[in-house]
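Asker: Line by line, the protein sequences give chains A and B.
Take the first sequence: its letters are residues 31 to 730, numbered as in this note's numbering.
Take the second sequence: its letters are residues 31 to 730, numbered as in this note's numbering.
No false leads were slipped in.
With a Cα cut of at most 27 angstroms, we get these calculated DSSO-like pairs of lysine-lysine:
1) K461(B) to K387(B)
2) K149(A) to K372(B)
3) K148(B) to K372(A)
4) K387(A) to K461(A)
5) K387(A) to K372(A)
6) K387(B) to K568(B)
7) K461(B) to K148(A)
8) K147(B) to K386(A)
9) K149(B) to K386(A)
10) K147(B) to K387(A)
11) K372(B) to K322(B)
12) K372(B) to K387(B)
13) K149(B) to K387(A)
14) K148(A) to K372(B)
15) K568(B) to K322(B)
16) K149(A) to K387(B)
17) K386(B) to K148(A)
18) K322(A) to K372(A)
19) K387(A) to K148(B)
20) K386(B) to K372(B)
21) K147(A) to K372(B)
22) K568(A) to K322(A)
23) K372(A) to K149(B)
24) K386(B) to K149(A)
25) K147(A) to K387(B)
26) K386(A) to K568(A)
27) K461(A) to K148(B)
28) K147(B) to K372(A)
29) K148(B) to K386(A)
30) K386(B) to K568(B)
31) K386(B) to K461(B)
32) K387(A) to K568(A)
33) K386(B) to K147(A)
34) K387(B) to K148(A)
These are calculated hints, taken from the structure and not from any lab test.
Since the structure is predicted, the reported quantities are computational estimates derived from the model, not experimental observations.
2 protein chains.
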Amino acid sequence: MSATGASTSDAGLPAEGRGRAVIENLDPCVDDGRFAAKRTLGDEVSVQADIFTDGHDALCAQLLCRHESTDPWQRIPMRAGLNDRWQGTFRVTQLGHWHYCIEAWVDALETWRSDLKKKHAAGQDIALDLARGPGLIAAAAARAAASCAADDAQQLSAWAQSLEARADGIEAQLQSAQDAHLHELARRHPAPETLSRSATLTLLVERERARYSTWYEMFPRSAAAAPDTHGTLADCERLLPYVAQMGFDVLYLPPISPIGRSERRGPNNRSEAHEGDPGSPWAIGDREGGHKSIHPQLGTLADFRRLVARAAELNIELALDIAFQCSPDHPYVREHPEWFLKRADGSIQYAENPPKKYQDIYPFDFGCAAWRELWLELASIVEFWVAQGVRIFRVDNPHTKPFALWEWLIARVRRRCPEAIFLAEAFTRPKLMYRLAKLGFSQSYTYFAWRNGSQELRAYFEELRSRPVRDFFRPNLWPNTPDILTEYLQFGGRPAFTARLVLAATLGASYGIYGPPFELMEHQAREPGSEEYQDSEKYQVRFWDRARADSLRDLITRINAIRRDHPALQSDAGLQFHAIDNEALIAYSKRSADGADRVLVIVNLDPQHAQSGWLSLEDSMLEAQNAVTTEPALTTEPALTAGQAGQAQGSFQAHDLLTGARFLWNGKRNYVALDPTTTPAHILRIRRRVRSERDFDYFL
Amino acid sequence: MSATGASTSDAGLPAEGRGRAVIENLDPCVDDGRFAAKRTLGDEVSVQADIFTDGHDALCAQLLCRHESTDPWQRIPMRAGLNDRWQGTFRVTQLGHWHYCIEAWVDALETWRSDLKKKHAAGQDIALDLARGPGLIAAAAARAAASCAADDAQQLSAWAQSLEARADGIEAQLQSAQDAHLHELARRHPAPETLSRSATLTLLVERERARYSTWYEMFPRSAAAAPDTHGTLADCERLLPYVAQMGFDVLYLPPISPIGRSERRGPNNRSEAHEGDPGSPWAIGDREGGHKSIHPQLGTLADFRRLVARAAELNIELALDIAFQCSPDHPYVREHPEWFLKRADGSIQYAENPPKKYQDIYPFDFGCAAWRELWLELASIVEFWVAQGVRIFRVDNPHTKPFALWEWLIARVRRRCPEAIFLAEAFTRPKLMYRLAKLGFSQSYTYFAWRNGSQELRAYFEELRSRPVRDFFRPNLWPNTPDILTEYLQFGGRPAFTARLVLAATLGASYGIYGPPFELMEHQAREPGSEEYQDSEKYQVRFWDRARADSLRDLITRINAIRRDHPALQSDAGLQFHAIDNEALIAYSKRSADGADRVLVIVNLDPQHAQSGWLSLEDSMLEAQNAVTTEPALTTEPALTAGQAGQAQGSFQAHDLLTGARFLWNGKRNYVALDPTTTPAHILRIRRRVRSERDFDYFL
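Turn these sequences into a full structure, and let the hints steer you where they fit.
Answerer: See the structure below:
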């Protein structure tokens, strides 16, 4: 009947059966650790996990973290919340990769201490229980000694001996048994056979602009001060104050490399180009050079470096376009024909999506026999521009190149330049867009441009905020791009531009506009049903009257200033939608990580009609506001009593940061009306109305 | 500028950059493959994954599966659905573990074929494109030859040559290029450098009773035919027809081992027992033996084997209780004191949850130095009973023993006896209950007993049906147990017992009752606020009048018959809740995997008052019903035209399987009223009303 004689060697027993803590369901965690979760420098990272054990014993859990460049783990105690969910936090103070994991174990000494207390409180005899302590403590002391923590070992030994020797009664012994400092010491030396450790996960820590950025896209060749003139990088330099004054901090230029002549496209993408037609900047490469050269009509590398430096003085970073494709005239075609797919007649296969043909573009054959050399050369393009001072790259159509290429290339560039930021220009199927974000892109274009209704906007942004999407996908919202002039903008007039601007700038911590078409409200499509601009800059040089009286420039300036003033708008983490009883209106708020800042936005999505409705705000919305305000001028006022605060809670001031208007609100349901002919949106700061003891009203 | 001279060896390039297919988000998948998903024998397993690649090329994906005992993979083509979600299915035809994974690759030949078609349809010249084919096909032929598929190689080569040689015009070449059979051949030989393979996941396939079982719990010592007599296993044998007639297929007996004498508990769990008090069956072990012995008053091992055999004749399986704990008199205590925790005075530590003490129970020290020997002995207990013919085990308080013990022990027993079924008796925190299910328990007790409101019932069962819980946690619903006499049953009278019975039997493919207290509606608690039965069988022998006129026996018989007749009720997969506008009512349906069977249940949760409300059924509910019916008697009738079917759709017959009543329903909203004094529930089969051409009404 007994197993004493049985062999335990071939019984398939686990190597160690005494690790009783379970660690599950870590957050953040992307695809079980296959990809890094993203954070930005200075973030307080909250790590959560389900941690539990069998039975009633006490658990101890520690969060371990370290930057990839440092070796010893930093250990942070974790705390249990509801439903076996534990949490620990650490601050990421260095760019690059951070690793983290969790260790947990059943804490025999803590179990002993807590049981002692319970039994004593119930009036039970604890003499025998007390007597178990010295052995447990001595074991901890031995482990401390074994790991060369001589001081810990000495203190723990002394504690064990004093407990053992103690003759001054149960109460004194009990008190000694509860010594928090000594328990803390003992916790540093858990029994190794009881330890459970989670898988090690990785965070990618980027700089703040990966999370919060304000983009302006502009074609350099249309930057000239006079009509019928090809713009230059020097013209761009001249326009920097215009861009900076509006509050943009990223200036994104479509490709600035030489443009191919063979099969060049004409204005409005006509298949024949005439003498003087400039072609598409995405048809990269000509006899003057390829991806590492600058189009001669734009200027020189020296001009470019000066532009980068001048922009930096105005807190603007230049973003370049990375389009891994060639015109038929690109030097690569001559020098490395092995990087391209051949047709049966020996010619190089142009780009196509049958039955569509793009004969001015030769795609690389990324899976060719010489793929290693090709990939290295492609990486060297990005590295070349990094060497010129560029830190931000907008990658053209990354979803038509291998995922493995991006994962490798981005990691390689980032290792050498941790400041590098990559924006994925993929407007394709959702799973592909998410995959690109997972494998390293800092930011991603989104479906925002085509989400116009309140339900679809809400559903989309709730998906983007869901776990784990929020941990790898940073949306960058664009109301327009050179490829996208939406129907909403074509037919909605100024209210449509205003509404989309407010939505992009407040729903997204990162957003961008393609100007001057945006601020000048260009809305003529090439033909009905098309999202292409009439006379698009993609195929011709345009001249823009940036000083036009009806420009949205002032509104953009105002909105970007609000973004700068409000940390709530500089992150996507704190987004929450609110109920409003009119489908044509949308209401949401954003809150900063520390809860100290909160902004409420309401937009009329109908550019044709005034719309009104009743807005419902949750208690938390109003409470959060109460918690964070400080009294600006009246700091000598006596603090309000709870009763007074309760009374005051019914009254609020909704202060519109966009127009300066102030509305008096009462309770949780309030009436909102927005007329598109004036301003179709509110960007509100909720201020609490307070009546002081001296019968003086003010707003916090 | 060119990288031709650069070294590719130390560039951190991926080992293979040409595998372009991505396989993500597999389902079923429990904790990223750490645990097996559960299925039952004969199930059609649907495996889904997000599968995609960059660009526009055609993908091919195959599901690979095999039983653990067989080596070659079975390959099943997968098909793409919406949003890059692919699916493939296989049938599990053997108990034990099955492995599965997915292979996907960009299919160059299929891309070629599909592009050809598109270009040709657009009137483009495809001569050059056609000419690429023979090379692609020849490459496939070479791979076939390399993998010793000579026949495939030969056919493919012939195809390549015939395409090459062909002079009979584009149309004929195009047709040859589209040959489906040859494409199928080529797909068997993908280029290895393009293959992506997912991780390999595991399914645990158990027999049907793991999914669908009907339990009856009974104390053998109360099975005697006369009062004041200790029941025996022979008495249990005599009662088998009683149990079988009600429709139960598992008869679960609390521990049948010798009961300790030291610290024995008296009636109603009093701390002092008198001569003749039988003690708790969970205080296992006396001088007559321990876990592998039978209590002398119950009978002998031969009696037990006869009971097992007799039960099997009535399609009843015996389930035994596994309680890994000892009375102070258990032989283990004497023979293996090293398996128990000692107190400071050398005595063995009894069970406690401070300040509560359970001095009649000695828990094992599962993490003692001799844990390996202890664990092997514990496994040998289960193996002993397996050898006596037991295949089902109800495990007592598994959450107070190490998780690693269960994972190892269950796997070990199951390897030797794949029919073994384990039910986890853990009423503890949710994460622990889920963990036990993940690591191998076939079925689990639930919080069902305490969910009485419609909202909480719905929320709980929707959680249990959510992914991945549904793949590892099989609920077994008990309205009562010897430890649980809920307030609802204490005070709700017969309607409460009926409502809970219907809920358990229809919400759960597995459910059980503790009888005779359930069918005799025992509802007297030991004291106010307690869920313990007055004069509980746990501490004394009871005599039951099973023939009492008010017994629920007939109702139980009817409900279990309905379960047997309806595959929809034999699985938890097809559960769906329906809207009903009265919180006191709950409505849900269950549907069989093949859609052929559907049952609608409505329960009045209020045992005191008649309740009524409007039930809303989704279209799908009614359509599914239409799809599955066959005309029983009128098969010679002409099929209904679409128009007639549309007309008929408004009328239904709701046939109550519980009472036989038939209600005429119209449209999607129907009125339901349930009076607890008659029957507080409907179990309905929806029958479609059809008017035939000969103006004859019948119900399908």
